[in-house]
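Novice: Use these hints to put chains H, W and S with the ligands onto chain B, whose structure you have.
Residue numbers (our numbering), protein chains in the order written: chain B, 184 to 390; chain H, 184 to 390; chain W, 38 to 367; chain S, 38 to 367.
I should point out that these hints are in silico values taken from the structure, not numbers from a laboratory.
One should not assume that every hint holds.
[Stated by the list, open to error] Footprint (simulated), chain W over chain B, 3 or more residues, beta carbon under 8 Å: (1) 290-296; (2) 362-368; (3) 371-383.
[To be verified] Ranges of calculated distance between the beta carbons of each label pair, as one might list FRET restraints: (4) Asn284/B - Asp133/W: 50 to 56 Å; (5) Asp234/H - Glu44/S: 19 to 25 Å; (6) Asp246/W - Ala219/S: 47 to 53 Å; (7) Glu50/S - Ser233/B: 57 to 63 Å; (8) Asp155/W - Glu306/B: 33 to 39 Å; (9) His202/H - Lys352/B: 52 to 58 Å.
Positions of the beta carbon are idealized from the N, C-alpha and C atoms, including for glycine.
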Amino acid sequence: MTDSKKVIEIIKVMAEIIHENAQFLTDLDAPIGDNDHGINMDRGFQKVLSDLPGVEKDDIGAILKKAGMDLVSTVGGSSGPLYGTAFMKAGAAVAGKYEINASDFVAIMEAAVGGVQLRGKAEKGEKTMIDAMIPALEAIKKGVSEGKSPAAFLADGVAAAKEGVEYTKTIIATKGRASYVGERSIGHQDPGATSFTLLLESIAALY
Amino acid sequence: MTDSKKVIEIIKVMAEIIHENAQFLTDLDAPIGDNDHGINMDRGFQKVLSDLPGVEKDDIGAILKKAGMDLVSTVGGSSGPLYGTAFMKAGAAVAGKYEINASDFVAIMEAAVGGVQLRGKAEKGEKTMIDAMIPALEAIKKGVSEGKSPAAFLADGVAAAKEGVEYTKTIIATKGRASYVGERSIGHQDPGATSFTLLLESIAALY
Amino acid sequence: MKKIINEASQVEEQMVEGLVKAYPDYVKRIPGTTVVVRSDKKTGKVALISGGGSGHEPAHAGYVGKGMLDAAVAGAVFTSPTPDQVFEGIKEIATDQGVLMVVKNYTGDVMNFEMAADMARDEGIKVDEVVVNDDVAVDGSLYTVGRRGIAGTVFVHKIAGAKAETGASLEEVKAVAEKVIANVRSMSMAITPCTVPAAGKPGFEIADDEMEIGIGIHGEPGTHKEKMQKADQIVDQLLDKILADIDFAGSEVAVMINGCGATPLMELFVVNNHVSDVLASKNIKVYRTFVGEYMTSLEMEGFSISLLKLDDEMKTLLDATADTPAFKKL
Amino acid sequence: MKKIINEASQVEEQMVEGLVKAYPDYVKRIPGTTVVVRSDKKTGKVALISGGGSGHEPAHAGYVGKGMLDAAVAGAVFTSPTPDQVFEGIKEIATDQGVLMVVKNYTGDVMNFEMAADMARDEGIKVDEVVVNDDVAVDGSLYTVGRRGIAGTVFVHKIAGAKAETGASLEEVKAVAEKVIANVRSMSMAITPCTVPAAGKPGFEIADDEMEIGIGIHGEPGTHKEKMQKADQIVDQLLDKILADIDFAGSEVAVMINGCGATPLMELFVVNNHVSDVLASKNIKVYRTFVGEYMTSLEMEGFSISLLKLDDEMKTLLDATADTPAFKKL
Ligand SMILES: Nc1ncnc2c1ncn2[C@@H]1O[C@H](COP(=O)(O)OP(=O)(O)O)[C@@H](O)[C@H]1O
Ligand SMILES: Nc1ncnc2c1ncn2[C@@H]1O[C@H](COP(=O)(O)OP(=O)(O)O)[C@@H](O)[C@H]1O
Ligand SMILES: [Mg+2]
Ligand SMILES: [Mg+2]
Ligand SMILES: [Mg+2]
Ligand SMILES: [Mg+2]
Chain B
184 MTDSKKVIEI
194 IKVMAEIIHE
204 NAQFLTDLDA
214 PIGDNDHGIN
224 MDRGFQKVLS
234 DLPGVEKDDI
244 GAILKKAGMD
254 LVSTVGGSSG
264 PLYGTAFMKA
274 GAAVAGKYEI
284 NASDFVAIME
294 AAVGGVQLRG
304 KAEKGEKTMI
314 DAMIPALEAI
324 KKGVSEGKSP
334 AAFLADGVAA
344 AKEGVEYTKT
354 IIATKGRASY
364 VGERSIGHQD
374 PGATSFTLLL
384 ESIAALY
Chain H
184 MTDSKKVIEI
194 IKVMAEIIHE
204 NAQFLTDLDA
214 PIGDNDHGIN
224 MDRGFQKVLS
234 DLPGVEKDDI
244 GAILKKAGMD
254 LVSTVGGSSG
264 PLYGTAFMKA
274 GAAVAGKYEI
284 NASDFVAIME
294 AAVGGVQLRG
304 KAEKGEKTMI
314 DAMIPALEAI
324 KKGVSEGKSP
334 AAFLADGVAA
344 AKEGVEYTKT
354 IIATKGRASY
364 VGERSIGHQD
374 PGATSFTLLL
384 ESIAALY
Chain W
38 MKKIINEASQ
48 VEEQMVEGLV
58 KAYPDYVKRI
68 PGTTVVVRSD
78 KKTGKVALIS
88 GGGSGHEPAH
98 AGYVGKGMLD
108 AAVAGAVFTS
118 PTPDQVFEGI
128 KEIATDQGVL
138 MVVKNYTGDV
148 MNFEMAADMA
158 RDEGIKVDEV
168 VVNDDVAVDG
178 SLYTVGRRGI
188 AGTVFVHKIA
198 GAKAETGASL
208 EEVKAVAEKV
218 IANVRSMSMA
228 ITPCTVPAAG
238 KPGFEIADDE
248 MEIGIGIHGE
258 PGTHKEKMQK
268 ADQIVDQLLD
278 KILADIDFAG
288 SEVAVMINGC
298 GATPLMELFV
308 VNNHVSDVLA
318 SKNIKVYRTF
328 VGEYMTSLEM
338 EGFSISLLKL
348 DDEMKTLLDA
358 TADTPAFKKL
Chain S
38 MKKIINEASQ
48 VEEQMVEGLV
58 KAYPDYVKRI
68 PGTTVVVRSD
78 KKTGKVALIS
88 GGGSGHEPAH
98 AGYVGKGMLD
108 AAVAGAVFTS
118 PTPDQVFEGI
128 KEIATDQGVL
138 MVVKNYTGDV
148 MNFEMAADMA
158 RDEGIKVDEV
168 VVNDDVAVDG
178 SLYTVGRRGI
188 AGTVFVHKIA
198 GAKAETGASL
208 EEVKAVAEKV
218 IANVRSMSMA
228 ITPCTVPAAG
238 KPGFEIADDE
248 MEIGIGIHGE
258 PGTHKEKMQK
268 ADQIVDQLLD
278 KILADIDFAG
288 SEVAVMINGC
298 GATPLMELFV
308 VNNHVSDVLA
318 SKNIKVYRTF
328 VGEYMTSLEM
338 EGFSISLLKL
348 DDEMKTLLDA
358 TADTPAFKKL
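Only chain B is shown next, with the shape it has when bound in the complex (with noise of 0.2 Å):
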């Protein structure tokens, strides 16, 4: 499915897309966070952008656990850990590979999922960006199963983001920054929710 080559394609349109949308993140933050997870995040794939030349040829594996590394140690926040975690959880997962199948994204997203819940402890319904992953993960391992191509399950995994994103603007927050506002939150929709689908987004946009 993916050669160390695509993996860095795919976090040069993450960073691109990010930056793109860093305004937009960060405006979603500000009526129930406090107005940064854009710029947090812009900054973090910026560096990993510039860290990218020092991994071309390494394993995807490396390459995964480097952008992990550079998003822990350069977002900050909530989301640093969280997405740093996800990136080296994921990249622990297909250490040493060049080149990856479907059943190994499977295992990095659920590296990555898993990642993000042992650092941050939540769970479906918290509105945070678990409400995007975890649907997002069972679609792309539903349509793995099923034999779809990549295009087609990571398409499944963009729409199930997709209402994820839509299904936290139903519900109060009860983790992170959120859930200080209250039922104030409802009506909004979760930043992190949604940079995380625009991540995903990324990598269907190379298939």
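Specialist: Below, chains H, W and S with the ligands alone, put in the same frame as chain B:
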């Protein structure tokens, strides 16, 4: 021309007119001063007003002196010592008198202007209350020397004071707070010259 | 956005530089980091580290010095610092007695500091932490993330810092820090929002006759909006919530009236006037009062009230000598 | 006008009350006045009194205490106090060594303080005065009222206060105060106006892309408006004026970066970062730096830079112990 009772009445009118014009005087002080002249004057004349019952039986000199002391102890800023001294010196000029005539009134005005100049060291043309006071004093003196009625020479005084106020619009301040804004003071009338004119109008209103 | 800055992207860097250049006798920067440490490392005591996003000045770097913190780590504006930065700070200040991290209870802060602690433990450094959660605006029982840490954190710095200075063990310093945390409660309000430089627009909008009650310290909206009220009524509302959370009656307290950044000191004193009267009327004795800017949110206009219920140990430690750029006690 | 106050007419009263209730161990109020004095009268030394309008908090009451002022007199907001109030203060603190008045150079302040001095002299009290005029925005030669007194006044309080504490004579304390005045220069700018509570509207209007240069401390407009610039350029402009007024090259200076009331401390540090660099480049050695709110104008957003050229005596006195609510030196 005037007995103690009438002086009391005049001071009441002064307090009323200053109160009505407090916002106006403060607004005049904003562009070239510190946005407080009306507040200061109003605070002072309200105190003078509240102390009038205690001096009703006194001579005119004592009434004016008490007003001056009240102004000194409540107005603050520049106008407090200036108007306070003006009233105190005016009181000294007619000490012991229960009834004053036109030439006493001239003495009162001369003492008041002298008091302001003693304290503030301003000459004509420095954009202060002096620019209304000196023309008014001269007009009143002239009127009295021509044997005009109080109503007539007071009207002359008011007209001259108003011209003085107009004149302050055309000059750069070299005394008081307005001097700090330099050229920017041009086009604005002096708050203190304006309040003096209102006080003189308060006297004229009762003749 | 009108701010006295250069590029928005340089603001954290230039702030840290401006601070260490102002107070070289107190603090220095670990080169290549946003970590500020005491200019003379103090050994033979537990070392204290705290931090958080920038934009809360003088917190936290202003509290580095004798009797308070050994290091402060600054993240981007309102964004918790990253683990590697915290780790650099821990390494620099670590003593044989160990390191105590004073963390404010935010998901991001807790995760980043704990990751740093893991890194330090891997290198054999003894690290422990306390998590400050003094803000009664957000109820700990309803929302699983619990109460936030706000201005009351400064009392933890002061008292735990004084305890560490006595040469107490990590366990003892941690215990007194936790005692402060258990006994301090705060609540905030604001009448204007603030603007993260890199975001370029305010965190919330608010009408000319409205205020936000229960705000945090990151420019985020509060628990609810209300019609603007007089200072005394606002104080009553905040104090009601604080006093409902712990029973302060009959005890001695330290009071902090903290300005959020743009509040005139005059208004903070007007606030303290009523706070003082209300406490007296409820038989709560004020032992010490602190009025000023201790934990700000950029140019937000508003204030928080913190009450710390004191015992003899905390009184002694609160009164102990402290000499830092932003908090001094003779 | 959105302010955290009760009635606008009560704001000065409640501010003074809130302050003395916050710091009873430092200060008390002379009943029936707006005069704040040291809670324990210090005899055997020259007594220092200062004051001015309210709205400059922590000036001046925040500087009453050991090593600085013995009394501070607060007028209405931005309005010089009246002679009777100043007189009450003088009477209360007067010692055999005499009283020094530290007056800022405004027509109103000078007249009111001098009237008070006359009243005190009539009662046989030895009183002298110094008039602070550090503001280079307004040129002393062009306008006969001379330069204004602004944040540099705090250096006069500190250094003359320390001198008085040594038991020096009135002549000696006055001499060192005048030395400070001769060697201190300041300049301010603002990006927002402020609103006198009783006036209800701001002292000037300013566009979103403009700043006022050369403002005073009473919310009055400055010498001119300009397009908003970056912090470093603003610093260059203010420093140019200050450095043109006295030759500081080769000397040691104390620096004060003073916030006008609503300026985030973060921005003041960004300012200090460049001030520090410029001074270094001009061979001016920074001996001490003070960054914070020392002489404010309600909720105005802006800052002033003050430079004081030091000699050995001033250095020693600047570093002497001070213990007041708003200025402490260990
Ligand atoms: N415990 C958690 N588990 C999973 N995701 C979380 C958790 N807490 C916060 N998040 C995510 O982090 C996002 C906010 O990220 P960001 O704004 O960068 O951090 P901060 O809240 O520290 O400012 C939220 O929108 C949410 O999706
Ligand atoms: N030296 C002076 N001589 C005469 N009048 C003066 C002098 N200085 C100021 N004034 C008057 O005082 C007025 C300002 O009064 P006010 O606003 O109450 O005091 P302040 O300037 O202290 O705020 C000015 O408009 C001017 O007329
Ligand atoms: Mg955020
Ligand atoms: Mg005025
Ligand atoms: Mg954040
Ligand atoms: Mg005034």
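Novice: Are any of the numbered hints broken by this structure? If so, which, sorted upward?
Specialist: 1, 3, 8
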